[in-house]
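For reference, each letter of the sequence shown is one residue, going 504 to 1349 in the numbering used here.
Hints listed in this document are in silico derivations from the structure and should not be mistaken for laboratory results. Note that the structure is a prediction, hence the values are computed from the model and not measured. Treat each hint with caution, since some may be false.
Cut-off 27 Å, straight-line C-alpha distance, at most; resulting in silico cross-link-like pairs (DSSO-like, lysine-lysine) [unchecked claim]:
#, residue 1, residue 2
1, Lys728, Lys786
2, Lys652, Lys599
3, Lys933, Lys1265
4, Lys1142, Lys1088
5, Lys1265, Lys1201
6, Lys676, Lys728
7, Lys957, Lys842
8, Lys1201, Lys1142
9, Lys1093, Lys1058
10, Lys728, Lys933
11, Lys676, Lys957
12, Lys1038, Lys933
Distance ranges between label pairs, derived from CB positions [stated by the list, open to error]:
#, residue 1, residue 2, range
13, Arg1223, Ala1175, 34 to 42 Å
14, Ala739, Asn623, 33 to 41 Å
15, Glu893, Ser913, 20 to 28 Å
16, Ala739, Asp799, 28 to 36 Å
Backbone N, C-alpha and C fix where the C-beta goes; we use that ideal spot for every residue, glycine too.
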Amino acid sequence: MISLIIASFLASDFIVAKGEEVQELVPETLAVSLVIDTSGSMADTDPLKLRETAANIFIDLLSPEDYLGIITFDTATTVVQPLQRINDSAGKAMFKQNLAPNIESRGDTNYKVALDEAFNQLAGLQESNVRKVVVFITDGEPDPDSRRKNEPGFMDAYMESLWGSVQNFAVNKFPVYAIGFSEGIRADVLSRIASDTGGDFKVLSDPVTLASSFFDILGNLKNRKGFINQTMELNADSGFDITLDEYTSQSTIVIANREGAAYEVEIRNPGGEISNETANINKTDKYTIITMNNRDSASYGNWRLNLRGTGIVDVFGDRDLNIKSWLVSPLVSSQHPVKEPVNIEVNVTGELKDGISAIAYVTGADGSGAEEIVLENENGIFTGTYDKTETPGTYSIEVRVLLNEEIITSTQETFNVRILPVLKNNFYMKEEGYRVGEVIGINSSLNMSETRLKQGGDLTITNYSLLISHEDGTSEQIILTDDGQEANRDILPNDGIWSGQITLVKATTAKATLIVTGIYKNESFVLENSLGTYKIMQPGEIVIEREEEAFSLIKGATLSIPITITNRSEFRETLNFAIDEQVGKLVRDKFILEPGETKETAIEIELNRDTGEGNHVFDISLRTENELTVLSTDYLTCKVEVLSGLQGYLRTTTTFMQRTFESLPMPVLILAAVLILILLIFLIGGAVLYRRIYLGAKIIGGQMICQPRIADASDEISSRFNFERLNKDKIIISFNEKNENADYRIKDTGFTYDLIITSEVKKVKSAVLAGWRTLFGKSVPVEYFIKATVPGILEKDGEILTGKMLVDNDEFESGNYIFRYTMPAGRQIEKKEAGSNILEGRDEKG
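Given these sequences and hints, build the entire structure.
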């Protein structure tokens, strides 16, 4: 009877639908580690070795692209078949042949060694777009050594190590589908193994009724839809109908023989004619598998499958659809905190057409009526939110995919709502992606009623990690700690803030999932938070080119050096320029380039007023804002001849007149001169106003008050920092009293990081126009920002930040101090606040 259950996990080979295909976000290719109990008790519970029959059906139903490994276990394990691709019928025959001599019953029932071997099989497979699962079959409870079972402490230590092994499956997202088929099993143990890993658990006390439950499990594996599941006593009229329609690509029927059954298969097409040649019939002495492919519209209709013979058989079948719906979130048996919204995400794959839609129906723990949620569609990804999670218990969700209001397919699962902490984090995906070589950090916490929980008491954390799954099938686990070690970007030990960092070492696309396992109020839990998919790319290069090195200009004029900048990078890049203050001042000290952009522009320099006439040589240094980006050169050498006003006028006028007088009549020349004069007044006047008024607004004003977090009401304010007197656009407040570069230092804090305040005047399309606007009373839009250097953080309103915008009457905490900022009177600062992205680096605003 076990064959009924195993066969319902997987159906026959997958047929690709024709038409426009949606990217497969949920891989249909499986890597299965099949783990079979061969302990001594199996001689009584399975004397006919139905496990072997079940496993053979399982193998026959796998697709050629799937992977299978087989492990048998008792006291120890035997690797019957290493994990490898099925490939073809010859491959399936080899799997069956290797299993046959390894099914004998002996020894004890050591769950742990079996699960550890299965984990090693799956973890060792480095293939992309493969879903890794375990099918675990047993008839008994965990019993690694029957001689020591009653020894004090032995089983407690064993079970603790077993749960450690189960945790590995949970952290790596390898679900375990556990099957028990005797009264000797520990249902609570198998149920927890399945629940903690995101799998499922069934007891086969009545295989006929429980077989239908495994069709639900089939939906999580090959996502096929069952249409028959019954026991038949054969006679001359035995049979059933099979419907092929435009949404069905293939139908698969399994007939499992009970003892003494004998029959012949007859297939009739919708016209009533015998048509056995249209199906693939694979018949053995213990079971028959029939596969019917829907080739074209001529196959549409009701087909009849007749079984002519005697005896009893168990029949079940399913359909493979052209359009499939995969419930990505919530996962089966996943755990969610009460009063927290549950995100619904459905990936619809296959041949999508206009008019397709999806609706979710969620039934609460009290069994009340289902709530209908219409899901939003974006490229085959349907999303929505369910927020009625006030009652702990098991909730059910059904997602129906419709085409012009006709149901095409549906998916059903259950998830659990419990009294659990809420998993929060500051992991934010940069849309533009990341560079190879970047080191990025993450902070996370578990909160209950807005209170951050710490390790100890009701809460025990067994794993707090970030799972990074790469597109090539590899993965890495980043452990988060709360130990106060700066190497882990953690500032204070046991403050409930768990920290870690990731070094990006290769160009790839990766998915990040935050996973926490532990025990809360004596009950185990697994919390997951999918943080999204991000790209890692090579840093790229910026190339600077110029045609001239020597220039001449009138004393007091602005030097303009034409250059061409090419961004050979997949990122938006910022290029900074600097010159010696004794030479002069840059009008614009940075350029921003979009990915792949080539920009023809100029470096403009206002030479110092005391620069004498004659020839001068100086360097312009170049630096990328991101230190990983490569520059074609680090500096540009310039040769400049400074002319007196009369020299410049004569040289310019002579050149101009020579060129223009040769071709233009006098009236045109006069008109052109007037227009040029007006234009020069407009351009020069606007530029001067821009430099003196607009750019002058970058000077940081206002004052900052700093006070210890823990202080008596009578304590005086520790420090008052008056920024006005500094006349700077960058101010450093340091907790390191030895920092000589700091403008202000806070002593005896135990910390060494800095708080850096900068200003930013919003970019304008035209400096000339911006200058004239300021003359006519338009205010200058300026913003102030504060950030903490590694490993510092800012705390505001319960949120953890590394940087934020400063606004008037702002208050935040850092380094056990409270800071209050008052902006200068009359200065315009836009009323919005943003926190810095903790993942993408410590120097950008959110």
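Check: Is Lys1142 close enough to Lys1088, meaning Cα to Cα at most 27 Å?
Finding: Holds, at roughly 16 Å.
Notebook entry, point to check: Keeping to a limit of 27 Å between CA atoms, is the pair of Lys933 and Lys1265 held or broken?
Noted result: With Cα atoms ~22 Å apart, Lys933 and Lys1265 stay inside 27 Å; holds.
Next item on the list: Below or equal to 27 Å on CA atoms is what counts here, so check Lys676 against Lys728.
Entry: Roughly 24 Å between the alpha carbons, so the hint for Lys676 and Lys728 holds.
Notebook entry, point to check: Lying within 34 to 42 Å: is that true of the beta-carbon distance Arg1223 to Ala1175?
Noted result: violated, 60 Å
Notebook entry, point to check: For the pair supplied as a hint, Lys1201 and Lys1142, is the alpha-carbon distance within the 27 Å limit?
Noted result: violated, 31 Å
Item checked: Restraint status (C-alpha distance of Lys652 to Lys599 at most 27 Å) -> violated, 35 Å
Notebook entry, point to check: Given the hinted pair Lys1265 and Lys1201, is their alpha-carbon gap at most 27 Å?
Noted result: Holds, because 10 Å separates the two Cα atoms, which is no more than 27 Å.
Notebook entry, point to check: Within 33 to 41 Å or not, the Cβ separation of Ala739 and Asn623?
Noted result: violated, 53 Å
Notebook entry, point to check: Does the structure keep Lys1093 and Lys1058 at a Cα separation of 27 Å or less?
Noted result: Holds: Lys1093 and Lys1058 sit about 25 Å apart, inside 27 Å.
Next item on the list: Please work out if Lys1038 and Lys933 have their alpha carbons no farther apart than 27 Å.
Entry: Roughly 9 Å separates the two Cα atoms, so the pair holds.
Next item on the list: With a cut-off of 27 Å on the C-alpha distance, tell me whether Lys957 and Lys842 pass.
Entry: Holds, because 21 Å separates the two Cα atoms, which is no more than 27 Å.
Next item on the list: Please test the hint of 20 to 28 Å on the beta carbon pair from Glu893 and Ser913.
Entry: About 26 Å separates the Cβ atoms of Glu893 and Ser913, which means 20 to 28 Å holds.
Checked against the numbered hints listed earlier, the structure breaks hints 2, 8, 10, 13, 14; every other hint is satisfied.
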